[in-house]
Amino acid sequence: MAQFQSYNKLLVSGQEGIVNYKTGDFVLGFVIHCQYPSYRGSYLSCIQEFKVFVDGEEIPEERMYFHLNGKQFLIGEFKDLYKEYWFTLDKAKLLVLKDGGLEEGSTHAVKMTMKHLIPYTGYNGDYLVLDSADEKELTVAGEVNAL
Amino acid sequence: MNRQIELSLTLYALSGEYTTGKYSLEDCLRAAHEMGYKGIELVACQMIPEYPYPSKKWMDEFVAMLKKYELEPVCYSAYIDMGTHPDRDLTREEIIESTLMDMTYAKYMGFHLVRTQHAISPQIFREMRPYAEKIGIRLAIEMHAPHNPEVPVWKEFLEIMKDSDGWLGVVPDFSIFAESPHRLHLIQAVEDFGCRPEKVDEIVAGHRAGTDEETLLAGDYTEAERKFIRDLFHDYGDGHAHLEWLDLVLPYTFYIHGKFWYLEEDGIDRTIPCDRILPIIRKSGFTGYMASEYEGHHFSDTIDAREQLGRWVRMSNRILDHC
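Just so you know, the sequences run in chain order E and U.
For the first sequence, our numbering assigns the number 1 to the initial residue and increments by one for each residue that follows.
For the second sequence, our numbering assigns the number 1 to the initial residue and increments by one for each residue that follows.
One should not assume that every hint holds.
[As the list claims (entries may be wrong)] The calculated lysine-lysine pairs, modelled on PhoX-like cross-linking and capped at a C-alpha distance of 25 angstroms, are:
1. E/Lys71 x E/Lys98
2. E/Lys111 x E/Lys136
3. E/Lys115 x E/Lys83
4. E/Lys9 x E/Lys91
5. U/Lys22 x E/Lys136
6. E/Lys9 x U/Lys227
7. E/Lys9 x U/Lys22
8. U/Lys57 x E/Lys91
9. E/Lys111 x U/Lys22
10. U/Lys56 x E/Lys83
11. E/Lys91 x E/Lys71
12. U/Lys22 x E/Lys91
13. U/Lys283 x U/Lys162
14. U/Lys68 x U/Lys107
Simulated from the structure, these hints should not be mistaken for laboratory data.
I would like the entire structure built from these sequences, with the hints used as guidance.
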């Protein structure tokens, strides 16, 4: 699809880098940020598939928590979230579980892929379903202990 | 100067700047003012942070900004997100709820027009007419490619508009008149999708010469090039704009989406034949706003939208002032 293509670059947010998520003395994992890849926002229920790869390795779905609108969701819950609107400018925080996190200052290839339905496009019956992908090199800078 | 047709800016034209954080909403409004626009269109699901339920506070701030930048709220663009639920389409109740609420938000912010979409269905569209009249908001369906006035459902919509005493209408989008690919589409085919440049030229020449889709697809092309062929026929039809469609929609037109993707410095749109479209609109007696709807941001993030908008405004004024 020629339309929408340019927005794929929004998916992996480069600005925030990677931050480790620390609880007490334990680093539970790391946080990366993502933005919905379109000119407008959408409902999480329109996201059919969402995958994350770090340094080429796919993160298992059960090791990712998706934080948006002051709430947190499992990827498997997306299909039911028809009242959760992902606003155009909002960066969702993705907490990836990894004991010890990632090394401060190290750089990683973060890739995200998303299959998402454009909910207003049923012009001739079928909805447009886009495959968006984006990859950026992100550096680990700092840590947080709350989202 | 022709002032029968005023130019407005749909803030959507600045999507590239807005989504990347280069422009805030206020920057978009300031840009509209600086470029000389008198009115704006707001795409609700794009720029309202609490969408689909804008707060009073946000709306008050938005209205204050419109006043500050001397901009008239011309069109509130609503969506019918039929595919929100993975297992079913929106119900009648859900469509009515979102449409009614959009009309109230639009009213609160001082808009007189809500643009909705075809999925509203003829039946619900007709039922909204009393609300339109009571609230004092006109409701119009955008006619966007691949739709056109000859699509069966649109024949129904046009009949309903005809009997609505001016409360229900259409927003034609110039995408329905697109007849040949713009520069950004060709660059994208090569740079993003890996089509061979000489093959892209060959395909475009074939499309322009009237070769049909099946014949072109049978040529010696890669999968990316075959996809490009299918996109060409999807986006630009048989290569000839059906200007006769204007007569079918202009009597019920409340507002116009002056869609464009890329203009060269000479200010001639080679994708959408504005040189032939705008005189027909002018002669029809249409009065109201026509929005500059730059949409190249779907294809490239390296183009200066303001420069493109400037070219489009100059083109429109040149044509409208001489017909």
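* Against the earlier hints, flag every one the structure doesn't satisfy and list their numbers going up. => Violated hints: none; all satisfied.
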